[in-house]
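**Q** Letter by letter, the chains look like this.
Number of protein chains: 2
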Amino acid sequence: MAITLREQYLEGFVSSHEMDCMAPQVAAAAAQLRQHTGAGSDFHGWLTLPRDYDKEELARIHAAAEKIRSDTDVLVVIGIGGSYLGARSAIELLRSPYYNALGKDGPAIYFAGCNLSGSYLDEILALCEGKRVSLNVISKSGTTTEPALAFRVLRGMMEQRYGKEAAGRIYCTTDRARGTLKSLADREGWQTFVIPDDVGGRYSVLTAVGLLPMAVAGIDIDAVLAGAQKAMQELANEDFSANACYRYAAIRNILLRRGKAIEIYASYEPRFTQMGEWLKQLYGESEGKDGKGLFPASVAFTTDLHSMGQFIQDGSRNLFETVIDFITPAADLTVEEDPENLDGLNFLSGMAMRQINRRAMQGTILAHTRGGVPNLVLEVPAINEEEYGYMVYFFMLACGISGYLLGVNPFDQPGVEAYKKNMFALLGKPGYEDLRQELLAKLGE
Amino acid sequence: MAITLREQYLEGFVSSHEMDCMAPQVAAAAAQLRQHTGAGSDFHGWLTLPRDYDKEELARIHAAAEKIRSDTDVLVVIGIGGSYLGARSAIELLRSPYYNALGKDGPAIYFAGCNLSGSYLDEILALCEGKRVSLNVISKSGTTTEPALAFRVLRGMMEQRYGKEAAGRIYCTTDRARGTLKSLADREGWQTFVIPDDVGGRYSVLTAVGLLPMAVAGIDIDAVLAGAQKAMQELANEDFSANACYRYAAIRNILLRRGKAIEIYASYEPRFTQMGEWLKQLYGESEGKDGKGLFPASVAFTTDLHSMGQFIQDGSRNLFETVIDFITPAADLTVEEDPENLDGLNFLSGMAMRQINRRAMQGTILAHTRGGVPNLVLEVPAINEEEYGYMVYFFMLACGISGYLLGVNPFDQPGVEAYKKNMFALLGKPGYEDLRQELLAKLGE
Chain U
7 MAITLREQYL
17 EGFVSSHEMD
27 CMAPQVAAAA
37 AQLRQHTGAG
47 SDFHGWLTLP
57 RDYDKEELAR
67 IHAAAEKIRS
77 DTDVLVVIGI
87 GGSYLGARSA
97 IELLRSPYYN
107 ALGKDGPAIY
117 FAGCNLSGSY
127 LDEILALCEG
137 KRVSLNVISK
147 SGTTTEPALA
157 FRVLRGMMEQ
167 RYGKEAAGRI
177 YCTTDRARGT
187 LKSLADREGW
197 QTFVIPDDVG
207 GRYSVLTAVG
217 LLPMAVAGID
227 IDAVLAGAQK
237 AMQELANEDF
247 SANACYRYAA
257 IRNILLRRGK
267 AIEIYASYEP
277 RFTQMGEWLK
287 QLYGESEGKD
297 GKGLFPASVA
307 FTTDLHSMGQ
317 FIQDGSRNLF
327 ETVIDFITPA
337 ADLTVEEDPE
347 NLDGLNFLSG
357 MAMRQINRRA
367 MQGTILAHTR
377 GGVPNLVLEV
387 PAINEEEYGY
397 MVYFFMLACG
407 ISGYLLGVNP
417 FDQPGVEAYK
427 KNMFALLGKP
437 GYEDLRQELL
447 AKLGE
Chain W
7 MAITLREQYL
17 EGFVSSHEMD
27 CMAPQVAAAA
37 AQLRQHTGAG
47 SDFHGWLTLP
57 RDYDKEELAR
67 IHAAAEKIRS
77 DTDVLVVIGI
87 GGSYLGARSA
97 IELLRSPYYN
107 ALGKDGPAIY
117 FAGCNLSGSY
127 LDEILALCEG
137 KRVSLNVISK
147 SGTTTEPALA
157 FRVLRGMMEQ
167 RYGKEAAGRI
177 YCTTDRARGT
187 LKSLADREGW
197 QTFVIPDDVG
207 GRYSVLTAVG
217 LLPMAVAGID
227 IDAVLAGAQK
237 AMQELANEDF
247 SANACYRYAA
257 IRNILLRRGK
267 AIEIYASYEP
277 RFTQMGEWLK
287 QLYGESEGKD
297 GKGLFPASVA
307 FTTDLHSMGQ
317 FIQDGSRNLF
327 ETVIDFITPA
337 ADLTVEEDPE
347 NLDGLNFLSG
357 MAMRQINRRA
367 MQGTILAHTR
377 GGVPNLVLEV
387 PAINEEEYGY
397 MVYFFMLACG
407 ISGYLLGVNP
417 FDQPGVEAYK
427 KNMFALLGKP
437 GYEDLRQELL
447 AKLGE
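Respectively, the protein sequence lines represent chains U and W.
Residues in the first sequence are numbered consecutively from 7, following my numbering.
Residues in the second sequence are numbered consecutively from 7, following my numbering.
In case anyone wonders, no lab produced these hints; they're calculated from the structure.
Some hints here could point you the wrong way.
Identical copies go unnamed one by one, so any copy, or any two together, can satisfy a pair.
Claimed, not checked - Simulated pairs of lysine-lysine, DSSO-like, Cα-Cα distance not exceeding 27 Å: (1) Lys427 <-> Lys448; (2) Lys426 <-> Lys266; (3) Lys448 <-> Lys266.
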């Protein structure tokens, strides 16, 4: 179990002396993180969490998940951003994007409170009809507009349907002691789980935020944490030449400085697609500030070779690819012989799809690098809980290091407030009257 | 019915004299398209298709869709790229991303042949178990690896299950006269629909490629075509000042020349998300060539304000946003009063979600433009068939014009062949022996 970084496809794009020059920079960035001297050090809790996790809380997560699995057909998870992307992407990767449709093991899981669409919420309500429902609302404060509004509506549905029994079906993942949601939960008798103070939203997937929905989906969360702990140990190696995570952080900064403004995360397993969204938040929100940052994008190959493939092969040369290569897929099929060979594909007969997919990957990497696109490969042995936990920790650690290399605070997100302030003003929230007048004038109202 | 382009948020980013300078360029690009003098003019068929569509074929599409709706629980649509993204995005936009799960009206529709993952295909087979299944295989040639492999597997399942009756459940959308799939269909007695010779994959959604799956999902395809025809008429206006489509094409080229390398399509309706993927193929594959092109990305707001929002607000200033603003959503909910106002959201009580979502959009546009990100707004009156048809034609026409402005052939995709050649060589396809040796050496095998 480990991620292996393949650097051979960087030949001609990143030279070894550039890497040498980065070594002391990386050491400095790692020190900022590990000695908590860097900006945002109040939010370094994720760094040791796989080891220091609250065992009692973990037991409560297991128990709650068992209860939900036994008395629930539909779990609605209410959250946005880091309270949404982690669990969803884990379930799609480790179970399936068709987890709900396959309906084999565990309740259906839907996500709400991750937008302001009335029609979306209306459909979530429809999907709950006639089903035994539980809610997991995830919000540090309880006042973030999107999840708070969805929770209003869904809590109403629950209380109408279950009366006082609703309390046993509402699970809150929130602040340990403060905030609206915590107070409400204590009063109503809802079970609560903790979002630690020193872990920001996009670094929170290995807390109850991600672990409770995962466990409900039948994912072995102990194995997830074990994988993360293994990564925590292995990636603490301060030898730059031997630390794949540090090298990845260095390479992406070198490529950015060389004018590669876009990093494309590419995988050949469709079930990784939603993980691409998780990565976009992790890196985009951590690094996209002060006018800086690699623009994160993601593709699902080979699907997107027939959409974004042309651009990557031959368009503007301002990008590079980071390929997540799963050596062993979740399942497989073998291509059978067609006696007539009408589709001309009998040269593939007897091959496993994984072999074909792998050759597609290798062929694509060679084509794209020849087209002028640097390719990094992160090799992951298999798609399972341990590897997932390892991978998550790897990407979070690389992100922290990378952000310090870039010269930003990888743990804040001041820019997210701008739209909220404007939205509150336009919606007439008390206290925003002056801004409201200014904005209405700009809108010509 | 029409798309309105709002240019007011471009103030400070694009000046009116720049637009004036573009007018003759746009006229030249439009002439290249309308007089078929531009590169790729063999593929201009989509330009008049909404008017010149084969009425007899349309009737056959209706009839096939009715049959499928009456005798099928699961339709598997087999295709990749333009044979996949159009139908899927239309169904998600016009019905719902939860169309299958809601299960109210029409067969479930799954997509296959759009990747090389054995585990994906294995799950599609599982989803067919115990259901009445039909297939719609979409491929011009019938030899594209991904759909051909999936069709081998799924056809085997169908023949095993239905014997000779399988023929009545297989529908092929393919070349009018030539190719492996057409020959096979004629021999096996499968019904066929036509991919016109002069319409490339990414411009094909208004042919049987997109229309048959849409009709199976209960979408009124006559209304879709009527909307497209309306766009065809209205957007033929050669007055640059009055043609929103031409102006959009001009603005995105101006912004590219000003160093905005990334265009982000943004919508506040989650059901538009998959349309973002369709747009990425349309623009990425049309313009990403010869080292040129805007990198297309997409976001689903407000979801992604909590992931990509920070970057857009405050990261590298190399991007702009094109907002698709649906004035009327598909459905709505009203926020109810909470007597205790524990979440502090009572200032929203009595408001429709659409009003809140709209204020979020306006607030975001004002925040992002203040952050240095040009915003274009394309206002669409509603989410329905006519508007969808109009919108599709609008984006295809803008893409053709924009590609000619950029100085590329917007109708070819030579770069897509590079990975295929390498993949064939690595998989041992006869005729690729020399390349195989070269590539294996590069891989160190």
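**Q** Would you mind marking each hint as holding or not holding in the structure?
**A** Structure-based check of all given hints:
no.	hint	in the structure
1	Lys427 <-> Lys448	within (15 Å within a copy, 54 Å between copies)
2	Lys426 <-> Lys266	between (31 Å within a copy, 25 Å between copies)
3	Lys448 <-> Lys266	between (36 Å within a copy, 24 Å between copies)
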